[in-house]
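Here the protein sequences come in this chain order: D and P. Reading the first sequence from the start, the letters are residues 174 to 293 in our numbering. Reading the second sequence from the start, the letters are residues 7 to 120 in our numbering.
These are calculated hints, taken from the structure and not from any lab test. Heads up, a few of these hints could be off.
[Unchecked claim] Under 8 Å between C-beta atoms, here's a sample of chain P residues computed to sit facing chain D:
1. Pro14
2. Gly20
3. Ala45
4. Leu51
5. Val54
6. Ile62
7. Glu108
8. Gln109
9. Phe111
10. Pro113
11. Gly114
These numbers come from a predicted model, not from an experiment. For each residue, glycine too, the CB sits at the ideal point set by N, CA and C.
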Amino acid sequence: AQTVTQSQPEMSVQEAETVTLSCTYDTSESDYYLFWYKQPPSRQMILVIRQEAYKQQNATENRFSVNFQKAAKSFSLKISDSQLGDAAMYFCAYRSAGENYGGSQGNLIFGKGTKLSVKP
Amino acid sequence: DTEVTQTPKHLVMGMTNKKSLKCEQHMGHRAMYWYKQKAKKPPELMFVYSYEKLSINESVPSRFSPECPNSSLLNLHLHALQPEDSALYLCASSQGRRTFDEQFFGPGTRLTVL
Numbered sequence: 174a175q176t177v178t179q180s181q182p183e184m185s186v187q188e189a190e191t192v193t194l195s196c197t198y199d200t201s202e203s204d205y206y207l208f209w210y211k212q213p214p215s216r217q218m219i220l221v222i223r224q225e226a227y228k229q230q231n232a233t234e235n236r237f238s239v240n241f242q243k244a245a246k247s248f249s250l251k252i253s254d255s256q257l258g259d260a261a262m263y264f265c266a267y268r269s270a271g272e273n274y275g276g277s278q279g280n281l282i283f284g285k286g287t288k289l290s291v292k293p
Numbered sequence: 007d008t009e010v011t012q013t014p015k016h017l018v019m020g021m022t023n024k025k026s027l028k029c030e031q032h033m034g035h036r037a038m039y040w041y042k043q044k045a046k047k048p049p050e051l052m053f054v055y056s057y058e059k060l061s062i063n064e065s066v067p068s069r070f071s072p073e074c075p076n077s078s079l080l081n082l083h084l085h086a087l088q089p090e091d092s093a094l095y096l097c098a099s100s101q102g103r104r105t106f107d108e109q110f111f112g113p114g115t116r117l118t119v120l
């Protein structure tokens with residue numbers, strides 16, 4: 174079974190600085206997707222960034238980028254120029270690119286989350 | 007429209023009550039999900055509907071009963087709940103494809119069982 178581990182329950186960053194959130198995962202599969210989701214307090218969860226395992230190039234979305242190390246099974250999120258609105262719970266998630274979408278292997282497996290605080 | 011809506015936003019119910027949570031999306035998505043989320047925890051998958059058919063039931067107690075009347079709507083019927091069922095209930099939807107299949111989440115219904 175696949176597992177996702179976020180070893181930092183809480184992180185803090187100064188506004189305008191850079192912060193990196195860690196995520197490791199365990200899988201025997203070669204084809205899968207990785208995601209970072211953001212859940213602000215009392216607001217809905219949104220997708221921040223995604224990475225396809227077969228792509229070597231690290232994904233980037235504006236101030237958000239990932240460091241995907243497939244061999245090490247690591248998928249960290251870097252937030253540059255942190256803003257107050259970045260304060261949220263961040264969940265790393267894994268999804269198999271399985272044959273049977275209707276099966277459980279097609280579903281998201283979440284890490285426990287990292288609570289990010291941004292100091293003004 | 008890239009929105010998943012959920013009603014009600016808040017619900018307080020007694021252990022003998024029957025209530026329903028509703029979820030709606032108009033993105034043409036064919037997969038819809040119910041999650042339960044406790045405070046400071048990740049979402050836990052409860053049910054998955056794929057093309058209006060229940061494809062996954064993650065060993066959820068029978069006091070939770072899902073229903074998918076059509077491809078845009080998802081209900082969760084609640085009956086004889088326990089206080090430990092108090093949580094944020096999230097609905098999500100996705101295209102239902104094998105390839106990258108982003109799940110769009112609703113804002114959730116915060117349920118309190120007295």
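Hints, one by one, checked against the model:
For proline 14/P, the interface hint is violated, the least distance from its beta-carbon to any beta-carbon of chain D being 15 Å, above 8 Å. Because the closest C-beta pair between glycine 20/P and chain D is about 25 Å apart, greater than 8 Å, the hint is violated. At a threshold of 8 Å, the smallest CB-CB gap from alanine 45/P to chain D is about 10 Å, leaving the interface hint violated. Because the closest C-beta pair between leucine 51/P and chain D is about 6 Å apart, less than 8 Å, the hint holds.
A hinted interface residue such as valine 54/P counts as satisfied when its beta carbon comes closer than 8 Å to some beta carbon of chain D; here the least separation is about 7 Å, so the hint holds. With a least beta-carbon distance of about 6 Å to chain D, the hint placing isoleucine 62/P at the interface is held under the 8 Å criterion. At a threshold of 8 Å, the smallest CB-CB gap from glutamate 108/P to chain D is about 5 Å, leaving the interface hint in force. Contact between glutamine 109/P and chain D, as hinted, is supported at the beta carbon level, the nearest pair being about 7 Å apart and thus within 8 Å.
Residue-level restraint check for phenylalanine 111/P holds (minimum Cβ-Cβ distance to chain D is 4 Å; threshold 8 Å). Of the supplied interface hints, the one on proline 113/P holds, with its beta-carbon coming within about 4 Å of a beta-carbon of chain D, less than 8 Å. The interface hint given for glycine 114/P is met, as the beta carbon of that residue sits about 7 Å from the closest beta carbon of chain D, less than 8 Å.
Of the hints listed earlier, those the structure fails to meet are numbers 1, 2, 3, in rising order.
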